[in-house]
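Participant: Protein sequences, first through last, are from chains Y and P. Quick note on this note's numbering: the first sequence kicks off at 1 and runs consecutively. Quick note on this note's numbering: the second sequence kicks off at 1 and runs consecutively.
Don't read these hints as lab results, they were simulated from the structure.
Cut-off 25 Å, straight-line C-alpha distance, at most; resulting in silico cross-link-like pairs (DMTMM-like, lysine to aspartate or glutamate):
| id | chain 1 | residue 1 | chain 2 | residue 2 |
| --- | --- | --- | --- | --- |
| 1 | Y | K99 | P | E61 |
| 2 | Y | K26 | Y | E54 |
| 3 | Y | K99 | Y | E51 |
| 4 | P | K3 | P | D22 |
| 5 | Y | K13 | P | E44 |
| 6 | P | K115 | P | D86 |
| 7 | P | K70 | P | D26 |
| 8 | Y | K26 | P | E44 |
| 9 | Y | K26 | P | E96 |
| 10 | Y | K99 | Y | E53 |
| 11 | Y | K99 | P | D55 |
| 12 | Y | K26 | P | E61 |
| 13 | P | K3 | Y | D62 |
| 14 | P | K70 | P | D55 |
| 15 | P | K70 | P | D22 |
| 16 | Y | K99 | Y | E54 |
| 17 | P | K3 | P | D26 |
| 18 | Y | K99 | P | E44 |
| 19 | P | K3 | Y | E54 |
| 20 | P | K111 | P | E44 |
| 21 | P | K73 | P | E96 |
| 22 | Y | K99 | P | D29 |
| 23 | P | K115 | P | E61 |
| 24 | P | K16 | P | D86 |
| 25 | Y | K99 | P | E96 |
| 26 | Y | K99 | Y | E52 |
| 27 | Y | K99 | Y | D30 |
| 28 | Y | K99 | P | D26 |
| 29 | P | K70 | P | E96 |
| 30 | P | K111 | P | E15 |
Each chain, letter by letter, is given below.
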Amino acid sequence: DAGVTQSPTHLIKTRGQQVTLRCSPKSGHDTVSWYQQALGQGPQFIFQYYEEEERQRGNFPDRFSGHQFPNYSSELNVNALLLGDSALYLCASSRTGGKTNSPLHFGNGTRLTVT
Amino acid sequence: AQKITQTQPGMFVQEKEAVTLDCTYDTSDPSYGLFWYKQPSSGEMIFLIYQGSYDQQNATEGRYSLNFQKARKSANLVISASQLGDSAMYFCAMREGPRNFNKFYFGSGTKLNVKP
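Please take these sequences and the hints and turn them into a complete structure.
Facilitator: Dropping the structure here:
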């Protein structure tokens, strides 16, 4: 049973560039959320995708956008990269209608470094 | 105000001893869930234990137990019989209400070091 998979594992970009991160949810899950984890901090919610639409969004600028595909996989796009975007980006998946005690299942993350 | 507060940036514990990691939370929603995750250096967030706001008893999962004090808004994680493999970052997280199923609030974490 495959868990949440993310690619790439590491990425180095230059300030001002654009980046795309990819996520495949755990088998049987249909909802994907993205989190940003800066060094030494806890993850922060970016947004959630369900049925190919953004359903909820955290306090992140429009430079952060996403997409969900019919197979439930998802992409996170960040435009006009800033040094402060350097972080571990975590993808989490869940199943709609899950029990209240259902945790989010996380991938290993993509480590983005902006120079 | 911070939704989740973890006041211990780092903790040391001797192998085979018990350790308590502190977590306080802030919410006005009567329905919420509290989660603890372990994050090894590999980066993956590993779910450990859950406590619901309406649960009458403290949650337990193997060596992990949750000391839930609702009036104090605290949900401390207790790890019994610590093992070297328990060395990692530990995060407390909260889900508010059924509409925010995927929006978790995380604390800043506690780095646990288990000494042989």
